[in-house]
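J.: Letter by letter, the chains look like this.
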Amino acid sequence: MSGAEDPGPDATLAAEYVLGTLELEEARAVLLRVNGDPAFAAEVAFWERRLMPLALLAPPVAPPAVLWARIEDSTAGAERRGGPPEVAMPRAANDSGLIWWRAGTFAGLAVAAGLAAFIALRPPAPPPVLAVLTAYGSPAPVLVAVAGPNGAITLRTTGAISVPTDRDLELWALSAGAKAPAPLGVIPPAGKTVPAGVAEGTVLLVSLEPKGGSVTGKPTGPVLYAGTLHRFD
Amino acid sequence: MPAEADRLSSGPTDAELIARCAAQDRAAFRALYGKWSARLHGVALRITRDPGLAADATHDAFVQVWQQAGRFDPAKGEAGSWLTTLARYRALDMVRRRGREVLGHEAHEEPDLGPDPLNLLMAAADGGALKRCLELLNAERRQLVLLAFVNGLSHSQLAEKLNLPIGTVKSWIRRSLLGLKECLAP
Chain Y
1280 MSGAEDPGPD ATLAAEYVLG TLELEEARAV LLRVNGDPAF AAEVAFWERR
1330 LMPLALLAPP VAPPAVLWAR IEDSTAGAER RGGPPEVAMP RAANDSGLIW
1380 WRAGTFAGLA VAAGLAAFIA LRPPAPPPVL AVLTAYGSPA PVLVAVAGPN
1430 GAITLRTTGA ISVPTDRDLE LWALSAGAKA PAPLGVIPPA GKTVPAGVAE
1480 GTVLLVSLEP KGGSVTGKPT GPVLYAGTLH RFD
Chain V
213 MPAEADRLSS GPTDAELIAR CAAQDRAAFR ALYGKWSARL HGVALRITRD
263 PGLAADATHD AFVQVWQQAG RFDPAKGEAG SWLTTLARYR ALDMVRRRGR
313 EVLGHEAHEE PDLGPDPLNL LMAAADGGAL KRCLELLNAE RRQLVLLAFV
363 NGLSHSQLAE KLNLPIGTVK SWIRRSLLGL KECLAP
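Protein chains in written order, with the numbering used here: chain Y, 1280 to 1512; chain V, 213 to 398.
In case anyone wonders, no lab produced these hints; they're calculated from the structure. Certain hints may be false.
Mimicking DSS-like on lysine-lysine, the simulated pairs with C-alpha atoms at most 30 angstroms apart in a straight line are [as the list claims (entries may be wrong)]:
{"no.": "1", "chain 1": "V", "residue 1": "Lys382", "chain 2": "V", "residue 2": "Lys247"}
{"no.": "2", "chain 1": "Y", "residue 1": "Lys1458", "chain 2": "V", "residue 2": "Lys393"}
{"no.": "3", "chain 1": "V", "residue 1": "Lys343", "chain 2": "V", "residue 2": "Lys373"}
{"no.": "4", "chain 1": "Y", "residue 1": "Lys1458", "chain 2": "V", "residue 2": "Lys288"}
{"no.": "5", "chain 1": "Y", "residue 1": "Lys1458", "chain 2": "V", "residue 2": "Lys382"}
{"no.": "6", "chain 1": "Y", "residue 1": "Lys1490", "chain 2": "Y", "residue 2": "Lys1458"}
{"no.": "7", "chain 1": "Y", "residue 1": "Lys1458", "chain 2": "Y", "residue 2": "Lys1497"}
{"no.": "8", "chain 1": "V", "residue 1": "Lys288", "chain 2": "Y", "residue 2": "Lys1497"}
{"no.": "9", "chain 1": "V", "residue 1": "Lys373", "chain 2": "V", "residue 2": "Lys393"}
{"no.": "10", "chain 1": "V", "residue 1": "Lys373", "chain 2": "V", "residue 2": "Lys288"}
{"no.": "11", "chain 1": "V", "residue 1": "Lys343", "chain 2": "V", "residue 2": "Lys382"}
{"no.": "12", "chain 1": "V", "residue 1": "Lys343", "chain 2": "V", "residue 2": "Lys393"}
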């Protein structure tokens, strides 16, 4: 191991993510890559399995006694409504090579599940394909993207997004299996409809770019929000 | 370790409890919490070094367990590893954000790893291989890997703590991980 040639930064990226040494932006970028790159996702899973015994080095500490009550409160909603949450949880997460236990998308999926339950109350409409875009690790939806039957995507913001005056937000589509996202154009603050023709399972990304959008055809600024298009039927 | 206790007792395994959570069994959820909350909270506390944040991370992890239990596949990994992963990523994300939001956030005293930390690994099902592979690294680099994982330190925090250039830290970690990969690969 000491004299081997260095195989390049990519060889240890998954391991560094699991080890926890990446800075916030780097870790977010890795999480997005896990969405679209099954081989990379498998590597993350390998390291999670192999390194997790190290967690034994942290001594157990009993949580505050009130924590269980908080958890019960947070998980009681679905039962009170009488519907099993699994019905609305998108299954595509497993099928598109996502890591089966990955933590980050939970919040977005839970919000999407809530929306799906809401939409399901109106029977005759065709099943919607939508993505809820959140900041990494945050449960709050920032943008909702609904794919129309003609493949156009309508984006709506859930509130005002503040963007520096010399910057624009740009929308990207990372289709399943693709290595790099395709540009879908700059997003006006009020949301927009773009003729996209993207499929379910596509990850939509929003990056912060110079005014007018990236000129390189790839995101040049940080990816602020992301979500996966799912059909809710 | 709870996984070991599973094998020795006739009670339900963690995987069985998780499967029952997927079927909305609150008693199973409570039992899982009883078995795992102190361990997950300990992991989160070590990373966040803040009881409030650690409780939030533990809370979020168990909510995820309840919501996503149906996706846990025992064929793909151990239950304990799944549970720990959920808490760890939440805790890491929280401290990274806090570090960015609170500019110049004061670095806490780093708890050390205690004597003979590698022997603790033997309690885990897969711990023996990891221990053997870690022992192939030199002591200084092994320490870096352990501190990174257990205390949740980023490249820049490790560099600051050990008073090393960040390039050196990155390079040592990379070499260590490449060595581990070679040693751990099936």
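J.: Evaluate each hint against the coordinates.
T.: Verification of the supplied hints:
For the proposed pair Lys382 of chain V and Lys247 of chain V, the alpha carbon gap of about 36 angstroms is over 30 angstroms, so the pair is violated. This hinted pair checks out: Lys1458 of chain Y and Lys393 of chain V have alpha carbons roughly 24 angstroms apart, not beyond 30 angstroms. The suggested pairing of Lys343 of chain V with Lys373 of chain V holds, with an alpha-carbon distance near 24 angstroms, which does not exceed 30 angstroms. Annotation: proposed proximity of Lys1458 of chain Y to Lys288 of chain V holds, straight-line Cα distance about 25 angstroms (limit 30 angstroms).
Note on Lys1458 of chain Y and Lys382 of chain V: the hinted pairing holds, with a Cα-Cα distance of about 25 angstroms set against a maximum of 30 angstroms. Of the pairs offered as hints, the one joining Lys1490 of chain Y and Lys1458 of chain Y holds, with about 25 angstroms between alpha carbons and a cut-off of 30 angstroms not exceeded. Distance restraint check for Lys1458 of chain Y and Lys1497 of chain Y: the Cα-Cα separation of roughly 11 angstroms lies within the 30 angstroms cut-off, and the hinted pair is therefore satisfied. For the suggested pair Lys288 of chain V and Lys1497 of chain Y, the alpha carbons sit about 34 angstroms apart, so the restraint of at most 30 angstroms is broken.
Restraint check: the Cα-Cα separation between Lys373 of chain V and Lys393 of chain V comes to about 26 angstroms, which is no more than 30 angstroms; the hinted pair holds. Using a Cα cut-off of 30 angstroms, the hinted pair Lys373 of chain V and Lys288 of chain V is violated, with the two alpha carbons roughly 36 angstroms apart. With a C-alpha separation of about 22 angstroms, the suggested pair Lys343 of chain V and Lys382 of chain V falls inside the 30 angstroms cut-off, and the hint holds. Restraint check for Lys343 of chain V and Lys393 of chain V: satisfied, since their Cα atoms lie roughly 13 angstroms apart, inside the 30 angstroms limit.
Consistency with the previously given hints fails for numbers 1, 8 and 10, ordered from lowest to highest.
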